[in-house]
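S.K.: Sequence:
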Amino acid sequence: FFYDIVRIFKNFPNSFLKLIPTFIPKLRGAINFSLEIKQKKRQIPWSYNKLTLIERYPKRVNKSIFGQEYLNVLAQSKISFNRHIDNPNHGGNKRCFETTAMGSCLLTDRKQQLAHLFEPDKEVIYYSTIDEAIEKAKYLLNNEKIASEIARNGQKRTFKDHTYFDRCKTIVKKLQKYL
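Heads up: the sequence shown at position 128 corresponds to 185 in this note's numbering, and the numbers run straight through without jumps.
Worth flagging that the hints you see were computed from the coordinates, not collected in a lab.
Computed from a predicted model, the values in this text were never measured in an experiment.
Cβ atoms here follow ideal geometry from the backbone N, Cα and C, with glycine treated the same way.
Careful: at least some of the hints might be erroneous.
Okay, derived cross-link-like pairs now, DSS-like style, lysine-lysine, Cα gap no bigger than 27 Å in a straight line [said to hold, decoys possible]:
1) K195 with K230
2) K168 with K226
3) K179 with K234
4) K168 with K116
5) K151 with K195
The calculated label-pair distances, taken between Cβ atoms and stated as ranges, are [stated by the list, open to error]:
6) R224 with T109: 33 to 41 Å
7) N199 with K179: 30 to 38 Å
8) C225 with E192: 15 to 23 Å
Could you build all of it, start to finish, from the sequences and the hints given here?
M.R.: Dropping the structure here:
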C-alpha cells in the first residue's frame, strides 16, 4: 500500500444541502461574477488572506482527483475514511461501495441503514465518535493483516451484493410500485 489512510471527500452539513436549491437560480450570475473576478485578477472578498487546505497542509492534502486516478488512490490505500451527511438514518453513499470494491479497508461512521449492507468488524469498520475513529484507525494501522482481511471481505461483499446492476434492480423494483 502506498497510503495509510485517505479521506477524499468533504462532508457538507444538512443545513448547507438545504440551501443548494436556492443557489441554482443564481448559478449563472455567480459564474459570471467569478469570471469577472478572475479577469480583474482580484480575490473574492471572503477568501482574502485565507489559505486553502492544500496551502495549509501541503504534505497531507493533495489536489482533487477523479475517475481512474481516484480509484487508483483507493486501491493503494490501507484504510479509507468516510463520513456521511449528518442524517442519523441514511448511510451507504457510493464511497462505501467504491472503497470496498477497490480493496481498501473502509472506516465509516455508523448509520442505521448500513447494518444490512456490510457486517460490522468483518466487512467494514464502523465508528460512532471521532475518538473512536482515531482509536480504530490506529488499531488497523498496527494490525495490517486484520485490515487486509476486512478489506478483502468488504470487497467480496460488494462484488456479491452491491454492484451497479444490483442497485439498478432495487431502483426498478421500487419504481414498479408506481407504474
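S.K.: Where does the structure disagree with the numbered hints, that is, which hint numbers, in rising order?
M.R.: 1, 3, 4, 7, 8
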